[in-house]
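Visitor: Sequence:
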Amino acid sequence: MRPNWKERARPARLEARYEFESYDALRDFLDEAAELSEREGLYPDLGFGRDYVNITIHAEEGRESLAEEQRRFARLLEAFGPTCVAA
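What the sequence shown shows, in full-length UniProt numbering, is residues 1 to 87, in sequence order.
No lab work stands behind these hints: they were computed from the structure. It should be emphasised that the depicted structure is a prediction, and the values quoted were computed from it without experimental measurement. Backbone N, C-alpha and C fix where the C-beta goes; we use that ideal spot for every residue, glycine too. Careful, some of the hints might be misleading.
[Claimed, not checked] Derived Cβ-Cβ restraints for the label pairs, each shown as a range:
(1) 8 - 41: 20 to 30 Å
(2) 6 - 69: 17 to 27 Å
(3) 35 - 4: 21 to 31 Å
(4) 27 - 63: 30 to 40 Å
(5) 65 - 28: 24 to 34 Å
(6) 10 - 47: 36 to 46 Å
(7) 67 - 21: 32 to 42 Å
(8) 22 - 47: 14 to 24 Å
Using the sequences and the accompanying hints, generate a full structural model.
Guide: Have a look at this one:
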């Protein structure tokens, strides 16, 4: 996993910020992320503007730590995301 994903302990989560060159590139990423979410059954929190998206992947309800599924999801997002910068 890229070092720019920040792991937080309370509550357990992964955070990242992706920046884009254009709104069209951002939309393409959001469409890909939506398809990935449907396929994997994992729905991160997304907050976005014209040229960035902040992503938070939370641990499952009732768990105190992240499972491999959340870490895998982050890696899959990287496969089609632009440069990830510190959140």
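Visitor: Taking the hints in turn, state whether each one holds.
Guide: Do the hints match the structure? See the list:
| no. | hint | verdict |
| --- | --- | --- |
| 1 | 8 - 41: 20 to 30 Å | holds, 22 Å |
| 2 | 6 - 69: 17 to 27 Å | holds, 18 Å |
| 3 | 35 - 4: 21 to 31 Å | holds, 23 Å |
| 4 | 27 - 63: 30 to 40 Å | holds, 32 Å |
| 5 | 65 - 28: 24 to 34 Å | holds, 32 Å |
| 6 | 10 - 47: 36 to 46 Å | violated, 20 Å |
| 7 | 67 - 21: 32 to 42 Å | holds, 33 Å |
| 8 | 22 - 47: 14 to 24 Å | holds, 19 Å |
Hint compliance for this structure: hint 6 is the single one not met.
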